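There are 2 protein chains.
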Amino acid sequence: MLMKSYLDMNKAELAQELSAVRGQYEALCAVPRKLDMSRGKPNPSQLDLSMPMLSLDPAGLSHTAGGADTRNYGQPTGIDECKALFAELLGVEPSNVIVGGQSSLNLMYDSVARALLLGVYGGKKPWGQQGQLKFLCPVPGYDRHFAVTAEFGFELVNIPMLPTGPDMALVKKYVESDPTVKGIWCVPKYSNPSGITYSDETVRAFAALKPAADDFRIFWDNAYCVHGFDDEDDELLNIFDACREQGSQDMVYEFASTSKITFGGAGVSVLVASENNIKHITRQMGVQTIGHDKINQMRHVQFLKNAAGVREHMKKHAAIVRPKFQCVLRALDEQIAPLGIAKWNRPHGGYFVAYEGLPGTASRCVALCKQAGLVLTPAGAPFPHGKDPQDNVIRIAPTFPDLPELEAAVELFCVAARLAALEKLSAEK
Amino acid sequence: MLMKSYLDMNKAELAQELSAVRGQYEALCAVPRKLDMSRGKPNPSQLDLSMPMLSLDPAGLSHTAGGADTRNYGQPTGIDECKALFAELLGVEPSNVIVGGQSSLNLMYDSVARALLLGVYGGKKPWGQQGQLKFLCPVPGYDRHFAVTAEFGFELVNIPMLPTGPDMALVKKYVESDPTVKGIWCVPKYSNPSGITYSDETVRAFAALKPAADDFRIFWDNAYCVHGFDDEDDELLNIFDACREQGSQDMVYEFASTSKITFGGAGVSVLVASENNIKHITRQMGVQTIGHDKINQMRHVQFLKNAAGVREHMKKHAAIVRPKFQCVLRALDEQIAPLGIAKWNRPHGGYFVAYEGLPGTASRCVALCKQAGLVLTPAGAPFPHGKDPQDNVIRIAPTFPDLPELEAAVELFCVAARLAALEKLSAEK
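Chains as they are written, first to last, in our numbering: chain D, 16 to 444; chain F, 16 to 444.
In case anyone wonders, no lab produced these hints; they're calculated from the structure.
Incorrect hints may appear among the rest.
Remember, identical chains collapse to one label, so a pair may be satisfied in a single copy or spanning two.
List of simulated lysine to any residue pairs, SDA-like, C-alpha gap at most 20 Å [what the hints assert, rightly or not]: (1) K225 with A27; (2) K140 with G168; (3) K330 with D245; (4) K49 with A83.
Predicted, not measured: the structure shown is a model, and the values here were computed from it.
The following block holds chain D by itself, in its conformation from the complex:
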């Protein structure tokens, strides 16, 4: 079928197409269904990949190579083996790593909370004693990042995402001129939800920032550092290497976790930072906690072994995830691309496709899907306070459903997206 762009249709053609697509949509609605593309969650088959981690010999879990008893108190910043594993993976030294609990979001929230209450290394006073503050939010981005800084009353500043990463001219302007700008949220590789990996120039521009504030921090959430699923894998420049050239290492907090490597419900997280920051945070964390689960750290080390082991393991994830992204992209390519009503990314990794429709159609499309039995992430979710200024971005999460469910979901999505676009275009003519 040769399809004509909706943008080129005249009023009559639009009316005819609207009638046809509405018919398709109503036919789909007639069959009850319960589909879900809302959640960036691993599929159970991905979790099965790590089940051997639960059968490791207990005798090998109880003590570190250095003789520390993982079952007892001690080593509040994590066991050496686990620091070494993440250090190799992220290209830093083990002394730059603090191992946390099962949620890296928790490490990020706590880093903001400590900065507010106690201050960061090199800062003259706690963030919380400096009046109204701003946090930069590249959009579309991760709703839970934005929620942390919204919770604490920051003014959230939208920064547009370009194909190379956040608009660095704008970032530089804010960071270098305004001392109330205290941080920026970044997902530098396979960004949530746009799938973009920051270019080397973008990473270098981050490292070269000269903040107006003496306590500005880049929150570098490297959540998808080893989560490529294509033959081609994006390369992200190591921000600490770039910072070393600028002497700006203290400006960065990097985060990562095994939530989408092993278990989202029983993983291990890390905070990576400069020696100065680590020393500062270690003292603060020593008041906060006795430490995190060291037996689970040992499990991860024994199961994943080293960076090569992680990459090997991630190939198994890729084999499960790749067909799902292909399924989504194939449907969009066939059913939406010719119509001129949307664009989307073609990520080599990560967990999301960011669908950008015509302005003013995202929430309508999500509502249409919901009515027909398909749950999507709420429109607006990837924006601070859930407000998409253009109302045109929809986050598609292909990983959790099984393939047949996903196929049905995408089919439905395409019809809803067409209908939303047609309603909008018809009303405008």
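Using the hints, position chain F against chain D.
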């Protein structure tokens, strides 16, 4: 040997005894030794008791009875089974329980941090926006409690511990007259370090408090709730039962953990509170974290099963811990009691003996021990800012050393305690 009280000795007798005990001490110093009674840590043999928890069938860990996949995201406040286990143990409903990570201290710190930044249920504004605040600290108490509130700049107010618990007349006076008093640290059963269990009257007096502040909270750290080791076990009145009679349930945050039930390095912690508090905190925590390790929660449920299972398991701990406390108490009874220079508690549970010597001798005694190769908790540690106003309390932690090491340590301690007392008494005559 019939020993005469040092308090009844004249100057010549003191001089002779001082010379004799100094000789004993110097003889002990002549033999190099490395002993440690400083840490309230389980002995490895206690940790061995829970090793079967690391060999559970993985198939039984991956899903809750309700079908939730413990390996994936979800259930941020914990799995139902784990809430039910702690609810039974602590005499509350599962809906009153939030399951945390491996450190209950972390839950307490976070509760203080959230109160400062966001406020508590029913409070008009965050603690952090109300100027200089006070926190009540029953002394001697747990150094890490005091450190949390010291970190955040609270004025820490010493409240003397009586044999029935904190001096409730003083607590009532502070709490009911001063709206800047925002909380109190309590270890209500087998208190750290005095081993005291609060009397029913004390618990009822807590429940009956009418705080001047609308956002006052009792931090009820029930760390040793099932940690009796004697035939006789102390009974602690359930504070929520007492509060229900007063309609004051919202005033209490209770904490507990399995750190000294299963593993100090891989346990599970809980926060227990009223429906109003749980609802309030659940929303706040939803911004903070994706949730805690649910597979470890399943492990604990399958291993411990229910409250009866926990109590059965704790009998095995008791069999290891009891002889160690007997060893310490026997030595103190034989070598110190007749001398009139100290008193101490005889706890039925918990992890500590609090030794109260003559005023001005605790730090000297700890220094003498250190010089002879025995590490003790620093004198002053059980007091806010590490300052024991009388310099007479020493926390003895008998659990971590093996029995032969403990015997040698206590022997040395008694000689050092006598020497410190004799030096003091001699100087005063």
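Hint check results:
1. K225 with A27: neither (57 Å within a copy, 74 Å between copies)
2. K140 with G168: Both. Shortest intra-copy (18 Å) and inter-copy (13 Å) distances satisfy the 20 Å Cα cut-off.
3. K330 with D245: For K330 and D245, only the intra-copy Cα distance (9 Å) is at most 20 Å; the inter-copy one is 55 Å.
4. K49 with A83: Classified as between: cross-chain Cα gap 18 Å, same-chain 50 Å, threshold 20 Å.
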